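Quick note, the sequences are listed as chains A and F, same order. Taking the working numbering, the leading residue of the first sequence gets 1, the next gets one more, and so forth. Taking the working numbering, the leading residue of the second sequence gets 407, the next gets one more, and so forth.
Simulated from the structure, these hints should not be mistaken for laboratory data. From a predicted model like this one, the values you see are computed outputs, not experimental measurements. Idealized CB from N, CA, C, for every residue including glycine. Accuracy of the hints is not assured; some may be wrong.
As a list, the in silico PhoX-like pairs of lysine-lysine whose alpha-carbon atoms are at most 25 angstroms apart [claimed, not checked]:
(1) F:K694 <-> A:K301
(2) F:K694 <-> A:K138
(3) F:K726 <-> F:K714
(4) F:K694 <-> A:K142
(5) F:K504 <-> A:K308
(6) F:K544 <-> A:K302
(7) A:K288 <-> F:K544
(8) F:K790 <-> F:K758
(9) A:K302 <-> F:K548
Coverage of chain F stretches by chain A, computed from C-beta distances (three or more under 8 angstroms per stretch; other residues unrestricted) [claimed, not checked]:
(10) 473-479
(11) 628-634
(12) 648-659
(13) 730-743
Number of protein chains: 2
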Amino acid sequence: MTESSSTSSHQNSSIYIHHHCENPKPLQVADAHIIYDEKNYLPDEVPDTRDIALPYNEDKINEISIDIGGSLAKLCYSKPDPQAGGVRLCFYSLETDKIDLFIRFIQEILVQYYHHDPAHHLYNENLVVIATGGGAYKYYDKLRHELHCTVQKEDEMQCLIIGLDFFVTEIKREVFYFDEAKHCYVEVELNDDENGQTEVIEDQYPYLLVNIGSGVSMIKVTGPGPDSFLRVGGSSLGGGTLWGLLSILTDCRTFDEMLEMAAQGNNENVDLLVGDIYGQGYNSIGLKANHIASSMGKVYKKVFEDEKGRNEDREHRLHKFHQQDIARSLLYAVSNNIGQIAYLQAQRYNLKKIYFAGSYIRNHYQTIRTLSYAIDFWSGGTKKAYFLRHEGYLGSMGAFLMRRAD
Amino acid sequence: MTESSSTSSHQNSSIYIHHHCENPKPLQVADAHIIYDEKNYLPDEVPDTRDIALPYNEDKINEISIDIGGSLAKLCYSKPDPQAGGVRLCFYSLETDKIDLFIRFIQEILVQYYHHDPAHHLYNENLVVIATGGGAYKYYDKLRHELHCTVQKEDEMQCLIIGLDFFVTEIKREVFYFDEAKHCYVEVELNDDENGQTEVIEDQYPYLLVNIGSGVSMIKVTGPGPDSFLRVGGSSLGGGTLWGLLSILTDCRTFDEMLEMAAQGNNENVDLLVGDIYGQGYNSIGLKANHIASSMGKVYKKVFEDEKGRNEDREHRLHKFHQQDIARSLLYAVSNNIGQIAYLQAQRYNLKKIYFAGSYIRNHYQTIRTLSYAIDFWSGGTKKAYFLRHEGYLGSMGAFLMRRAD
Chain A
1 MTESSSTSSH
11 QNSSIYIHHH
21 CENPKPLQVA
31 DAHIIYDEKN
41 YLPDEVPDTR
51 DIALPYNEDK
61 INEISIDIGG
71 SLAKLCYSKP
81 DPQAGGVRLC
91 FYSLETDKID
101 LFIRFIQEIL
111 VQYYHHDPAH
121 HLYNENLVVI
131 ATGGGAYKYY
141 DKLRHELHCT
151 VQKEDEMQCL
161 IIGLDFFVTE
171 IKREVFYFDE
181 AKHCYVEVEL
191 NDDENGQTEV
201 IEDQYPYLLV
211 NIGSGVSMIK
221 VTGPGPDSFL
231 RVGGSSLGGG
241 TLWGLLSILT
251 DCRTFDEMLE
261 MAAQGNNENV
271 DLLVGDIYGQ
281 GYNSIGLKAN
291 HIASSMGKVY
301 KKVFEDEKGR
311 NEDREHRLHK
321 FHQQDIARSL
331 LYAVSNNIGQ
341 IAYLQAQRYN
351 LKKIYFAGSY
361 IRNHYQTIRT
371 LSYAIDFWSG
381 GTKKAYFLRH
391 EGYLGSMGAF
401 LMRRAD
Chain F
407 MTESSSTSSH
417 QNSSIYIHHH
427 CENPKPLQVA
437 DAHIIYDEKN
447 YLPDEVPDTR
457 DIALPYNEDK
467 INEISIDIGG
477 SLAKLCYSKP
487 DPQAGGVRLC
497 FYSLETDKID
507 LFIRFIQEIL
517 VQYYHHDPAH
527 HLYNENLVVI
537 ATGGGAYKYY
547 DKLRHELHCT
557 VQKEDEMQCL
567 IIGLDFFVTE
577 IKREVFYFDE
587 AKHCYVEVEL
597 NDDENGQTEV
607 IEDQYPYLLV
617 NIGSGVSMIK
627 VTGPGPDSFL
637 RVGGSSLGGG
647 TLWGLLSILT
657 DCRTFDEMLE
667 MAAQGNNENV
677 DLLVGDIYGQ
687 GYNSIGLKAN
697 HIASSMGKVY
707 KKVFEDEKGR
717 NEDREHRLHK
727 FHQQDIARSL
737 LYAVSNNIGQ
747 IAYLQAQRYN
757 LKKIYFAGSY
767 IRNHYQTIRT
777 LSYAIDFWSG
787 GTKKAYFLRH
797 EGYLGSMGAF
807 LMRRAD
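Working from the sequences, and respecting the hints, build out all of it.
Set out below in structure tokens:
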């Protein structure tokens, strides 16, 4: 991936360049690391928007990047790090529907760290906002008009790949998987670190990237260059589907409340299991009694169990169920489904490594575990699911790295 | 499939025998046909539980068959046809939860057509109820105890295959597909009929059977015998999921009301389209502006658009949406998803023909069209989706054909 740094990512002369365009500006990544506030870091806490330090990066950075998706608008910018030296990469996100607020936040960042005040209405051609995601196109004119600088549009799929490659190759402690047997997270590195203490991923390529936002995109990557990736498919059953259903089936006010509710639920109260249909497992085809045969498959039976139930309106029908059970069932349904389709795509293209990213996972234990288990189940253990701490920021990180030297 | 009838299905000596067990009882299928009540048959009406006439079948039939699934219990039995001669095969279904009522119905059939009255409590070993589906195991003792005859259990996957093969090879006007360009159903036959008026399917094997009940099973079939089929996968997002969600998100009282509601809805009011995210299509990856990026992806945004919305309870949140729009969105979501997974399985095993069956479809236009379109879209037109009029009765038909001559 990087000419000089693939085996020497911790030497002083470690430069990161991707191969997706001509003349990308290099980034000094020697000793790049996620910044943990030691006071607040708990063993179970998976930091997802923590800054990344680039202590040896002294060059002036004239770029910020944004990735405006269907649900969330993501920002990646740099600021000086007076204490450690160099710069920090910082990450921020806000609902896409609050686009005006998002743009105001960018303006504040530009004033504070980029010496550019859009309020002066003076166009600064040296300053570049690199924009990806659908909103880069939908809001292009608005961005240009309100930020008064260059807006450089980049392809969403490409930025996801570039961002992923950067995180995987250059940032320690970024990538991890869930070990079902030991019931814990395990961090991995692409290259052996000096201590030999982290588990190593062999062979960066090929892999499947599954990005789960409002919807799902699945991208096959076979090498470092612009001709080596292909969006092979996706799904419309993504984060937007789960949040949408749970926003009208529960009283939750945020995504995190929904996930917390799911953690408390018992899906077996609403899901139809093989055991419910067979009275036992369906052994000849390897389906255990607790395998989910039909998500939410018990619900309509309960609603329609008698004439009275059939005649009730929606509000009364819903009261027959615990919100928590519905939340858990749907979290499993959406996650298992993504896992299955990801497996089938990986199998199709003979890919052993599957990276799950996007704002859906929110580093939530059940979601990570469900996706992991699905890959393990369908592949008979021959494929592996990986996750990233900066899971929602692949696109904005990749866009940031599309800085041009011209 | 049949030794003497593969090219002579309309001659007097047309015997049907499958190859899934030793000594299956043959069935006389010369001139087998679906019975249409001419007075009630409308051009658009797709008859799904109509009797099948076997006018030359004179042998006494001592068997009935049942397929008890997660949601529906299906029955296949024969009765004499004094007018046309021979027998009719008849089909009946009831919710599995009404198992006692179902058994009472079977008892009535046994009295009326099989000269067996379970009320006499006399065990009749010559009479056989061939049972498949999970309920064959779950309710085995109950069936034996209340029907007082032999209960012969048969594997569900195998019965589906046997039933499908029978319908495809022996019953004219049973199989059809949806022609998107001409916007109409087209009946197909496996063999050329004398008139040459029906479209012909070449090569019975191989194919993928996708059976959609509460959940989904996908079975690859490469030949006529018991070793030539394999359940390659399935999905927990099936009929039970759609009915479950719609039973608490709408006021509908039946499945048909739900489908009617879906037909009236506009899913674009609740789904997030590529055009909503990009302001246009995402042309470089071939996604048009009206492609669904996220099913129900607009819903949570509307619920959470302000603090007031966030604080409302579920009942009030739901009122922001039309039931019809939600119904259509979820019908598309579940159907498209099944279509995609079916495509990936067919692609994996190099199968060009995909039969969709099960009680989910209910011969509903939108569902048929969505499944057809999904296969066409994902396969670039290289694979084809087929449907059956007796879609819900593959398992019970196949079980019926497991009559033993011993």
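So, going through the hints one by one against the coordinates:
A hinted pair counts as satisfied when its Cα atoms are at most 25 angstroms apart, and K694 of chain F with K301 of chain A does not qualify at roughly 38 angstroms. Among the hinted pairs, K694 of chain F with K138 of chain A is consistent with the structure: their alpha-carbon atoms are about 15 angstroms apart, no more than 25 angstroms. In summary, the hint linking K726 of chain F to K714 of chain F is supported, as the alpha carbons are separated by about 13 angstroms, within the 25 angstroms threshold. Under the criterion of a C-alpha separation no larger than 25 angstroms, the hint pairing K694 of chain F with K142 of chain A is consistent with the structure, at around 23 angstroms.
Between K504 of chain F and K308 of chain A the alpha-carbon distance is near 16 angstroms, which keeps this suggested pair within the 25 angstroms criterion. Note on K544 of chain F and K302 of chain A: the hinted pairing holds, with a Cα-Cα distance of about 20 angstroms set against a maximum of 25 angstroms. Our distance criterion of 25 angstroms between C-alpha atoms is met by K288 of chain A and K544 of chain F, whose separation comes to about 15 angstroms. For the hint linking K790 of chain F to K758 of chain F, the alpha-carbon distance of about 6 angstroms falls within 25 angstroms, and the restraint holds.
Distance restraint check for K302 of chain A and K548 of chain F: the Cα-Cα separation of roughly 23 angstroms lies within the 25 angstroms cut-off, and the hinted pair is therefore satisfied. For a cut-off of 8 angstroms, the count of residues in the segment 473-479 of chain F with a CB near a CB of chain A stands at 3, and the three-residue condition holds. Using a Cβ-Cβ cut-off of 8 angstroms, 0 residues of the segment 628-634 of chain F lie near chain A, which falls short of the minimum of three, so the contact claim is violated. Judged by the Cβ-Cβ criterion of 8 angstroms, the segment 648-659 of chain F is covered by chain A as claimed, because 10 of its residues qualify and three suffice.
Given as covered by chain A, the segment 730-743 of chain F passes the check, having 3 residues with a CB less than 8 angstroms from a CB of that chain where 3 are the minimum.
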